[in-house]
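Following the hints, complete the assembly by docking chain B onto the known chain A.
Sequence lines, in order, name chains A and B.
Numbered according to the numbering used here, the first sequence terminates at residue 105, and the numbering increases by one at each position without gaps.
Numbered according to the numbering used here, the second sequence terminates at residue 1209, and the numbering increases by one at each position without gaps.
No lab work stands behind these hints: they were computed from the structure.
Please read these numbers as outputs of a predicted model, since none were measured by experiment.
For every residue, glycine included, the Cβ atom is placed at its ideal position computed from N, Cα and C.
Stretch by stretch, here's where chain A covers chain B in the computed footprint (C-beta under 8 Å, at least three residues):
#1 1019 to 1025
#2 1037 to 1048
#3 1077 to 1084
#4 1182 to 1189
#5 1194 to 1200
Listed next, with one range per pair, are the computed distances between beta-carbon atoms:
#6 V1115/B / P41/A: 34 to 42 Å
#7 I1206/B / F92/A: 23 to 31 Å
#8 L88/A / P1097/B: 42 to 50 Å
#9 V33/A / G1028/B: 34 to 42 Å
#10 V1115/B / V30/A: 23 to 31 Å
#11 S81/A / V1050/B: 25 to 33 Å
#12 V33/A / L1122/B: 21 to 29 Å
#13 Y69/A / L1031/B: 16 to 24 Å
#14 I1114/B / D95/A: 30 to 38 Å
#15 V1050/B / L40/A: 20 to 28 Å
#16 G1015/B / A43/A: 49 to 57 Å
#17 E70/A / E1127/B: 42 to 50 Å
#18 V83/A / E1178/B: 22 to 30 Å
Which residues of chain A face chain B? A few of them, derived with a C-beta cut under 10 Å, are:
#19 F17
#20 A18
#21 Y36
#22 L46
#23 L49
#24 A57
#25 M65
#26 N73
#27 S77
#28 L78
#29 S81
#30 D95
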Amino acid sequence: MSAHSAHEGSHSHGRLFAWVWIYLLVLTAVEVVLAYVHVLPPAGMLFLLMALSIVKAALIIAYFMHLRYERMNLILSLVPSVVVVIALLFAFFPDSFRLLNLRVH
Amino acid sequence: MAEANVGELTATWEGGVSPYAVGHKKLGMWLFILSDSLTFSALLIGYAYVRMASDNWPTPFHLWPSVTMATLMTVVLLSSSLTMVLGVSASQRGDRPRAVRYILFTILGGLAFIVLHVNEWLDLIHEGVRLWENPWGVPLFGATFFTLTGLHMFHVATGLIYLGVVAAGVSRGRFTHEDVEVSGLYWHFVDLVWMFVFPLVYLLSISMQ
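Next up, chain A with everything else stripped away, as it sits in the complex (with noise of 0.2 Å):
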C-alpha cells in the first residue's frame, strides 16, 4: 500500500518536473522572438530579457534545486544575502554610463 502511493507521489512530482522543463523551454522561445522583434528600446528590452530570466532562475531553483520545499530558516539564509551582494554591485553601473560620456566622439 504505502509503496504503491509512494510510486504514484513520484509520478506526479515527474508530471510536476515535466511541466516546470516545458514552461522554462516557452520562456526561452519568449526570449529569442524578443530579441528579434523591437517591440522596446534596448534598456527596455534589458529590463525583460532579464526579468525572464528571473523568472527562469526562481523555477529552476523552486522545483529543480527543490528549494521550495526546504526548511524556511535555508531559503531566508540562501536568497537574500546573494540578492543584496548582487544588488550591491549594481553601485557600479553609475561610473560605466560617466565614462560613455567622457569618451571623445
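Same frame as chain A, now just chain B:
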C-alpha cells in the same frame, strides 16, 4: 516562563539541533553555489559595465548558426536538468538502476552542450575573434565573451566528471541518495547560470543585417 526560555536556549546551543534540517553535504553545496553565483554575477556585471561604457560594441550573432545553436544549447541544458531531476527522484525511491540511467542521459546532454559550444567558439575564432581583438569593434568583446562562456563551459565539464563519479558510485552502491541529490543541485546551478549568459551575451548581441 523565563526559566523555560533559558532552558530552550541552552538546548539549542548545546548542539544536536539542526536549524536547516539538511545534511552537511547539502548545506556545503548550497554555500558553494552561493559563492559561485556571486563569481558569475561579478563577471556578468563586469561585462555589462564595459558594454555600457563602449559605444561600438560588436553585435556579431546571426540567426544562423549562432543564435539557433545557442537556443539549441539552452534546450539541451534544460533537458539535461529534467533528466537529472528525474534521476534524483528515482534515487529517492531507491531505484538505483533507473537513477544511473537518468544520470547517464544527463551526462550525454552535457556532452552535447560542450560539443555545440566548442563548435561555436571555433567559428568565432575562425572569424578572427581573440581575447584582445576582433574584426568588428571594441577589443574587450572577445575577452568578456570567452571569459564568461569559458568559465561556464569549465563548470559544465567539471559537472560531467562529477556526475560520472556519482553514476559509477551509485551503480556500485557506494553512494547514498544525498550524494545524488547534491550532484543534482550542482548541475541545476550550471543550467541556471546559462539562463543569464544566453540572453545577455547572445540575445543582446544579435546582428540585424
